[in-house]
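Enquirer: Here is what each chain is made of, one letter per residue.
There are 6 protein chains.
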Amino acid sequence: MRASGRAADEMRPIEMIPGFSKHAEGSCLVKFGDTHVLVTATFEDRGPPWLRDSGKGWITAEYGMLPRATHDRTGREAARGKQTGRTQEIQRLIGRSLRAIADLSALGERQIRVDCDVLQADGGTRTASISGAYVALHQCAHWMYNEGWLERKPLSDSVAAVSCGLVDGQPALDLDYVEDSGASTDANFVLTGQGGIVEIQSTAEEDPFTEEEFLRLLRLARIGCDTIRQAQDTAIRSYAG
Amino acid sequence: MRASGRAADEMRPIEMIPGFSKHAEGSCLVKFGDTHVLVTATFEDRGPPWLRDSGKGWITAEYGMLPRATHDRTGREAARGKQTGRTQEIQRLIGRSLRAIADLSALGERQIRVDCDVLQADGGTRTASISGAYVALHQCAHWMYNEGWLERKPLSDSVAAVSCGLVDGQPALDLDYVEDSGASTDANFVLTGQGGIVEIQSTAEEDPFTEEEFLRLLRLARIGCDTIRQAQDTAIRSYAG
Amino acid sequence: MRASGRAADEMRPIEMIPGFSKHAEGSCLVKFGDTHVLVTATFEDRGPPWLRDSGKGWITAEYGMLPRATHDRTGREAARGKQTGRTQEIQRLIGRSLRAIADLSALGERQIRVDCDVLQADGGTRTASISGAYVALHQCAHWMYNEGWLERKPLSDSVAAVSCGLVDGQPALDLDYVEDSGASTDANFVLTGQGGIVEIQSTAEEDPFTEEEFLRLLRLARIGCDTIRQAQDTAIRSYAG
Amino acid sequence: MRASGRAADEMRPIEMIPGFSKHAEGSCLVKFGDTHVLVTATFEDRGPPWLRDSGKGWITAEYGMLPRATHDRTGREAARGKQTGRTQEIQRLIGRSLRAIADLSALGERQIRVDCDVLQADGGTRTASISGAYVALHQCAHWMYNEGWLERKPLSDSVAAVSCGLVDGQPALDLDYVEDSGASTDANFVLTGQGGIVEIQSTAEEDPFTEEEFLRLLRLARIGCDTIRQAQDTAIRSYAG
Amino acid sequence: MRASGRAADEMRPIEMIPGFSKHAEGSCLVKFGDTHVLVTATFEDRGPPWLRDSGKGWITAEYGMLPRATHDRTGREAARGKQTGRTQEIQRLIGRSLRAIADLSALGERQIRVDCDVLQADGGTRTASISGAYVALHQCAHWMYNEGWLERKPLSDSVAAVSCGLVDGQPALDLDYVEDSGASTDANFVLTGQGGIVEIQSTAEEDPFTEEEFLRLLRLARIGCDTIRQAQDTAIRSYAG
Amino acid sequence: MRASGRAADEMRPIEMIPGFSKHAEGSCLVKFGDTHVLVTATFEDRGPPWLRDSGKGWITAEYGMLPRATHDRTGREAARGKQTGRTQEIQRLIGRSLRAIADLSALGERQIRVDCDVLQADGGTRTASISGAYVALHQCAHWMYNEGWLERKPLSDSVAAVSCGLVDGQPALDLDYVEDSGASTDANFVLTGQGGIVEIQSTAEEDPFTEEEFLRLLRLARIGCDTIRQAQDTAIRSYAG
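Residue numbers (full-length UniProt numbering), protein chains in the order written: chain A, 1 to 241; chain B, 1 to 241; chain C, 1 to 241; chain D, 1 to 241; chain E, 1 to 241; chain F, 1 to 241.
Bound conformation, chain A alone (with noise of 0.2 Å):
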């Protein structure tokens, strides 16, 4: 039993509000438990320079925090003048989980810019926001296709992401931001809806781990996502039937 309550297979209680935004072409407020992303997904009528001429088109994400979102207050990136190693890196990490469910050629030369602002943070959000991105990006190309933008849907798949981890020695899901800091060992896993891998990354924070455990985390991976792909399902069908 975790100090939640909950057990090493559980998700804390997942909310998708897609539509969210007034103004963006898709959007959706993901929480899992205290956690609190708000992402937005617009819509950009021509590419990055690089991709010129290529008939392709483009998927970035940039991720950022609310200066008391988290338990102490953070400076604010803006006011520093520049983002974090771990900001970039989280972004870096959405952007290409999003494009590997995505045919960027059906978005002809276009690009999706997706935000994802966390609001309140309580663990995983890097996870949590890939999650909720996957609902704005969704409704976004929504959108595209039904103002006929594109002929055909440029979505594949689905994508969701979860954290799991060591704690006290045992495998967890989806931690919290107390778990998260005592784990010994941190994963995040992003997992398509039917099954691929698209992006591991296992990190040892203090003594290294085993081929096992690192086997047992996936296996945890494998069922949160299944969890956060049906809070998905329910909230696209919430606007597109």
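Be aware that a few hints might be false.
Pairs count within a copy or across copies, as identical chains cannot be separated in the list.
Said to hold, decoys possible - When the alpha-carbon atoms are kept at most 20 Å apart in a straight line, the in silico EDC-like pairs for lysine to aspartate or glutamate are as follows: (1) Lys82 / Asp233; (2) Lys153 / Asp207; (3) Lys153 / Glu109; (4) Lys153 / Asp9; (5) Lys22 / Asp72; (6) Lys22 / Glu213.
If you're looking for bench data, these hints aren't it; they were derived computationally from the structure.
Place chains B, C, D, E and F on chain A using the hints.
Expert: Chains B, C, D, E and F alone, transformed into the frame defined by chain A:
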């Protein structure tokens, strides 16, 4: 009659949700119609360097806008590596407005950092920020007093802000984005609950304005700030009894 | 009687030297007592990118202060790598004030860049800047017209600015540094030669101010701007006949 | 058979020259084929601020690439004024990998700064960096111990890293630049000499990968890291007997 | 005969106005023809960190140019967020030149900051800066001695600088902007009042120059620096008797 | 006799390895004793913007130092976000020196970027950089000519650089770090193979120097540059026959 159907002296619906944030000592989600700002107030047990040994504290503010809070996406300030002049102007205004109703000696050598982050923008983000910031600041001061950090309460009055303008030659209260874009004069007023004036910023966007026009805007601002003050009072009573 | 011996409604001695700069199309060294600002206006035969194909031009301003313009040395902004919020606020104000009296269509797709550099500061640098900038701008427009760049004159009115404040509870005109530091309310007014109001910025430094106090400051500003306008007229006649 | 003529599980020729730098307490020029990285380890007799009074030390890493280390010239980060997200991601990875095999308490409140500078790049610069950094770190720790800064040796294990990937659908070890560019999945593994896993980063560049494919890459990584460890041992024996 | 009508060994008219600034401990407005530089010297009662406990002081310089000091407007360094290489090169040169004639021990652990700001440029801004900076520095040292900060006078010699060059193959003294732009060799000399050489910077803009040509430029520099020294002496006598 | 055992007019051992880099069109690892600099020359088939339609090309240089090239570690410029004034001064010097012996019209509208990166520093890094850069530049020009990019060879002369100084009152050639730190005068000379002078930078670190002393340093520089030119010739013959 305005495009929105509002009367000239009619505010948009106001909503204030104190304690919106799990972590912050004070917080408030404030809505002026479709303008939504999340304000947090963070307590720090040390003042800024320039007040060392003065016995006085400080209240400072930062302001930001999520990239897709606006109709078109605005580049992320953290990514561009600096805050715009507009952002700096607004956060300086918010800080001054809050300090105007505070007894900085009552804080001792401590600091309260107020963060105003616009989740969705539809005109009047700076005035909504100030109005919500008062609630977050009050809640933070309330917490400090209850926790024994303060010997006396540091806020001697309340503060609210509203924008007014000349739209199609007619004075109007609490401009939304469309009205603001078309206004020939735009004025922001910061008033205290007891009727004092803290700040006036009135700008001719095209033709200069007259003293009479200005005074009519000030009349509207008094009406608007009364309405805001009632919403603030309700919000405060919800946690302070 | 004020510490300086001036009456409440008395400006400091004003001096305006147009054509101070050898290179600029328009320039003016303006002195309000010990506050000295060198203003240049630079003609550019292309407008800013966002006005392309609009047929309209632009007037923009930058502001700076020599490091030892002030009583204590202020760090050089170029060395620190960014402009302060105060600098940005001031240069935005100067630009708005000048555009308010200009017919931007008469410029065609061209730009005038106004640079205000404070050589010596003793309070009121932003109001001296605006007042001198009008002369430099006028001289630049005069040059453009004479050189055949313009079909009609782009300035329809003149503009001047002055600071007022409550010092020891008494309204006073054109505050010097010592008065400004001790004022409980500080207000900057930008007025046109025909009496229109372009901008009001009025701030309570400590206690809020009343509407009556504010109106007394506005009265003083009208007196001050009349005096400035006469100095501007004299300066302009010296080269424009 | 791969384009380079190597077998699937064959590393490029490895060369490690410890003590390459005249000034540094530890250093190693490491070559994985045409990828050449100069690593130095610098001893500092004080730890980072956040470990003050903890009794513990720190190991941190920075990473850079000479502009023409790459096939096409890459702009110099110092000239552009900031490090890319890729650079920050890599230097965070190197630091974590080294700390995973170190006893930070044994360092006392001291810091070792590891600099990895790529002189020539042909794929796998981050894994060559980690592998060479272990030698430079070891030499620095050896020096510290001999000089009497340490009471006990701070490294409890060795660490090595290698990249693997799916090239034309086939698993391959230690990808060079051409292979890396064409790989559908790219994985970096950081393993200890005793077989523990410190970090896994596995990314689908196009299609998702399967668990089985991933495990085959892990097998190759174990083979590669064994080879690297032997080169490390040889290098260390050259100065440590 | 030069385009300006000057003889080969003739300086432009020199003007030096000490005490030009109201606030600074030392100041000088220096004019070499149409090149005008405002120099201030600021006293600080603490040295730079790297001289702590050395008993020695420091003299440092900064250099800037108003945007429209030049024929075409130059972008403001503060707005671009960094100083150019040229600016940094010049301010390092000014600082070295002043330190070369100062007894830093006589200053005690104090610093003098010299700011050279070019109000109008017509060639030779760095040499005018150094020459005027000597007067401002002298006035500041004079003030420090009179105020009792110093036990002995810190300046043992005077320093002046001038540019020379090969224009149309002929050596010429004190180049103006037009001459400087067309010179095939450009040399700056910093000489002391007693005839010692502090700095030589001689650059071939196109073809290399010969030793003989160089020596002829040095002869001219000696003549020019004599003239400058007389202007410096006159300026100094005006306040130091 | 110097501390190093060298005679006053004796260079340190010089080594030049052309073609050191696998990717660059020209490259040279140059060693002046323990000072090691890796120079690459990169061909770009377009010139800088300011030479568009001029028919001329450009040669530019950048300079950097690995953090632990120095005895104590120097902070990485990329991490600090800007290049120091020293770095900018050096890279401007290198660029000027190379352009002085090149016929920029012969390049056409193309650019050669020279990167000088100091792997290990022991005094004289800028003069070693220039001397090695000549070889890398030559090799790049050789490549361009052979590949058919050029109609005629663009280098009309060779260029070399060396530092001299007064150490303990005695002139000495090619100062190492210890000598350089203790020299009372430090001079860098850039000379062409035909004996012309491209650049002189001579600085009094403490007391001013005399013309006679200066001329003795120039004599030494001629001796040193002869030696360097022989090493350059040998290096060039190794690939150019």
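Enquirer: Now look at each hint and say whether the structure bears it out.
Expert: Hint-by-hint comparison with the structure:
{"no.": "1", "hint": "Lys82 / Asp233", "result": "neither (36 Å within a copy, 39 Å between copies)"}
{"no.": "2", "hint": "Lys153 / Asp207", "result": "between (45 Å within a copy, 17 Å between copies)"}
{"no.": "3", "hint": "Lys153 / Glu109", "result": "within (15 Å within a copy, 43 Å between copies)"}
{"no.": "4", "hint": "Lys153 / Asp9", "result": "neither (34 Å within a copy, 40 Å between copies)"}
{"no.": "5", "hint": "Lys22 / Asp72", "result": "between (30 Å within a copy, 11 Å between copies)"}
{"no.": "6", "hint": "Lys22 / Glu213", "result": "neither (44 Å within a copy, 34 Å between copies)"}
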